[in-house]
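Residues -24 to -1, 1 to 815, numbered by mature numbering (1 follows the signal peptide of the UniProt record, and there is no 0), are exactly what the sequence shown covers, in order.
Rather than coming from a laboratory, the hints here were simulated on the basis of the structure. C-beta: ideal position from N, C-alpha, C; glycine also. Watch out, some of these pointers could steer you wrong.
Claimed, not checked - What follows is a list of derived Cβ distance ranges for each label pair:
| no. | residue 1 | residue 2 | range |
| --- | --- | --- | --- |
| 1 | K16 | P569 | 53 to 63 Å |
| 2 | T732 | T198 | 43 to 53 Å |
| 3 | V764 | Q553 | 33 to 43 Å |
| 4 | A238 | N726 | 50 to 60 Å |
| 5 | V195 | R240 | 23 to 33 Å |
| 6 | K347 | N663 | 51 to 61 Å |
| 7 | D261 | T382 | 44 to 54 Å |
| 8 | P459 | S391 | 24 to 34 Å |
| 9 | V492 | K730 | 15 to 25 Å |
| 10 | N511 | T732 | 52 to 62 Å |
| 11 | F388 | A635 | 48 to 58 Å |
What the hints assert, rightly or not - Derived pair list, reagent style SDA-like, types lysine to any residue, alpha-carbon separation capped at 25 Å:
| no. | residue 1 | residue 2 |
| --- | --- | --- |
| 12 | K104 | H146 |
| 13 | K631 | T485 |
| 14 | K607 | A776 |
| 15 | K815 | A724 |
| 16 | K314 | T273 |
| 17 | K594 | E570 |
| 18 | K552 | N498 |
| 19 | K17 | N296 |
| 20 | K594 | V470 |
| 21 | K316 | A164 |
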Amino acid sequence: MMILRKLPLLVLFAFLFVPAFSIAQTPPIHNSADIYQQLKKLNVLGSVLYIAAHPDDENTRLLTYFANGELLRTGYMSLTRGDGGQNLIGDEQGTELGLIRTQELLSARRIDGAEQFFSRAYDFGFSKSSDEALKFWNHDKILSDVVWVIRNFQPDVIITRFPGDARAGHGHHAASSILAKEAFAAAADSTMFPEQFKYGVKPWDAKRILWNTFNFGNVNTTSNDQFKMEVGAYNTLLGKSYGEIASLSRSQHRSQGFGSAAQRGEAYEYFELLAGSQIKNNLFDGVDTTWQRINATNIEQQVAAIIKNFQFEHPENSVNALLGLYKSIGQLPDGYWKHKKLEEVKQLLVECSGIYAEAATNNEFGVQQQKFNVRFVVNKRLNTNVTLKNIKLLAFDSVLNTNLATNTNLSFSRSFMVEDNMPVSQPYWLEYGIDSIGSFTVKNQSLIGKAQNDAAYPASFTFSINGTDITIDKPVQYRFVNPARGELYEPFIVINPLSIAVRPSVVLTNIKQNNVAVKNDNVYAQVKSYVEAPNSKLKLFFVQDNDSVFIKDTTVDLEYNQTYDFSFSLSKYYNKQKGDPSVAVEVNINNRPESYSGDLHSIQYEHIPYIHYYATDKIHVVNEEVKTVGKRIGYIPGAGDKLPQSLQQMGYEVKMLSANDITASGLKQFDAVITGVRAYNIHEWLNEKYGVLMNYIKNGGNLIVQYNTNNQIGTVKANIGPYNFTISRTRVTEEISPVHILLPNSPALNYPNKITSADFNNWIQERSTYHAEQLDEHYQAPLGMHDVNEPESNGGLIIAKYGKGNFVYAGIVFFRELPAGVDGAYRLMANLIALPKEK
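Please model the complete structure; the sequences and the hints are all you need to start from.
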């Protein structure tokens, strides 16, 4: 049975340059200041690699300074994609959040000018120990990834964001420093990971590795004896200081609430040597970053002359000199910097010649066995001698040899077929899933380190500029006009003809609501078509442990973008002795029977390109008994979570509440009101509703507040409980840590479900976060928990009687556990909703 098509093995990893088609955005237009900046960079042959653990760990000001001030080739390697973080803009968690944060990092890099790399490490959530991180990730596996990136990128200097000890504040942070330092030595050692050499890399000996010390939070690791460097200067070509550019870059991390103010004025960075040569005058002491590095001082003179004679209003006047430079570099011995600088000069030739080239389609997707149209557009906008020789895409190879007129569009369209064997555009690190909980499985060595997949369809344009042939690649992109935002470009991806979504993801088969058994057995499958195929027979199959059982079939006229709904009884097919089931659909299109079980998931936010990926929707079945009391729940959305769907699975009627709904009369109907995660961080209007909510409790309601933060990123914007408490940074990150029952007679642990230690088995990622502390005497704390070698905290769950009702603050991560189908978390939540009220 085919779930989704496999990705092909790609050619040798091209670290030497980042292809333009790896970024979906409006095609960039470079002005003369940009060109001049790039010309200056031609005379700099140096590189620096910054290494940390997560998206948003990077020092964007330093990256900006290196890339735009020192004009170095600058890279950031984030070991993880931030999958285990929290999300301020939506309800995506896990790998979905990692997809968002990957694109946020790429958006940041487009602003600060650095390049982006990753390892295969999965962000499994907050960790207090580097030992834990290295164990879960598989130390040697991730070390090999860092070595691979170093050997490809060939940095002269490596910089870590964190120290390798407790001052890092996070086990992942410390582990990133430990791995960076080990990789610094291992990359130069030919006996370490020798299997990499068959892919074209060689040992690489960086000059030094440094720790970029910091002063933030309550930790100051800077000192006067450290090397200090000023990085806050104003760049006249860019029209901004490096701090201003960095703030724009950092503000791309919207899912983490990292919008930052522009920084102007002097700014210093501090560095401590970890290994390698001592620093005397600057970070690149002992590194020749001129053309003398490769015995080509004549090239430096050519570049200097081009810079001196550059005319901002007529960049085309530099074309002939750039062609001479291109020829001179091409005659150098083969090597890293030759290839890098040839690419830079080629890009400058295109820009100075005024060449605009585009390959766009009005098809959102390329569908296997279906056609799509591509419109090619070329415009030479400056007075230069340019001939368009040919355009190549798939088997199409035009022979045009057309001399381009100035500022005149040359355009034409062609139709292409997506071959049946063309792989779907699955993010490469998701193709084979995760090893246990620690790292992604990537079987193609050439993909490791890459930020994302290359374009599905790159088009090649070959131009003759004054007789010299230059070939550039442009991605086929989906181009459309949004009435509110204007012309937009998004990735053009390849998908299957059908996708299938299955809901719900968790089925509770043993619900007793108010002592009455509730039949909760229906599963809904929705098949979505991306093809036109009349008189097609769809067959549905129930899949469990690779065994397929026929469910039903139907004949329909498949239409593009239409859905076809099915439902069936889970109990008829489910085997309790097997794993979580899924559903597959089989269809015969053009006499080709195929089976599909992947659901095409889409994530859309304005600040990043559209994200599409396949996942097989599994059904997690909870057979354990869950008793509930009450019927109606009011839910105040927070920063985003999927708890409302879980509550509906429990049999509750859930109404989403806005500020206008929070009135005395409006709340009377609810057995409980629950706030989403971080609701008090994002809704200032909750302060105005404090009295209404307290009266709701006083009159017999139960208010359950999920976790909020109280730090520089997320401050509490409203009063929360009826009695005082504070929110700390205490969290229990070990999901297997023991939970102690401190108040065995608490109603929260007895009604309607008896809570025992077994209810805390099979939790995922963590126990709790942002505990309450400094509790008023009215609060009861029925549970205690702690990570290894830490004191016990009872602030993960606190309860106070207030009037006739009850107030609850829950640092317990219900927002993770309920969508994951953890039965004990369902029972505990049911008890909190059912806390006894006075009549």
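Okay, the hints, checked on the actual structure:
At roughly 60 Å, the beta carbons of K16 and P569 sit within the given window of 53 to 63 Å. Range check, T732 to T198: about 50 Å between beta-carbon atoms, so the 43 to 53 Å window is met. A hinted range of 33 to 43 Å for the beta carbons of V764 and Q553 is consistent with their spacing of about 35 Å. A238 and N726 have their C-beta atoms about 55 Å apart, which keeps the hinted 50 to 60 Å range intact.
Checked against the hint of 23 to 33 Å, the pair V195 and R240 passes, with Cβ atoms roughly 25 Å apart. For K347 and N663, the Cβ-Cβ distance of about 57 Å falls inside the hinted range of 51 to 61 Å, so the restraint holds. For D261 and T382, the hinted distance range of 44 to 54 Å is satisfied, since their beta carbons lie about 49 Å from each other. At roughly 28 Å, the beta-carbon separation of P459 and S391 lies within the given 24 to 34 Å, and the hint holds.
Between V492 and K730 the C-beta distance comes to about 19 Å, which sits within the given range of 15 to 25 Å. Distance hint check: the CB atoms of N511 and T732 are about 57 Å apart, consistent with the given range 52 to 62 Å. Between F388 and A635 the beta carbons are some 54 Å apart, a value that agrees with the proposed interval 48 to 58 Å. For the hint pairing K104 with H146, the CA-to-CA distance comes to about 5 Å; that is within 25 Å, so the pair holds.
As the CA atoms of K631 and T485 are separated by approximately 23 Å, the hinted pair is consistent with the 25 Å bound. The hinted pair formed by K607 and A776 meets the criterion: a straight-line CA distance of about 22 Å does not exceed 25 Å. For the suggested pair K815 and A724, the alpha carbons sit about 19 Å apart, so the restraint of at most 25 Å is met. Annotation: proposed proximity of K314 to T273 holds, straight-line Cα distance about 13 Å (limit 25 Å).
With a C-alpha separation of about 20 Å, the suggested pairing of K594 with E570 holds against the 25 Å cut-off. As the CA atoms of K552 and N498 are separated by approximately 16 Å, the hinted pair is consistent with the 25 Å bound. Distance check on the hinted pair: K17 and N296 sit about 19 Å apart at the alpha-carbon level, within 25 Å; holds. Restraint check for K594 and V470: satisfied, since their Cα atoms lie roughly 23 Å apart, inside the 25 Å limit.
For a cut-off of 25 Å, the pair hint linking K316 to A164 stands: about 21 Å separates their Cα positions.
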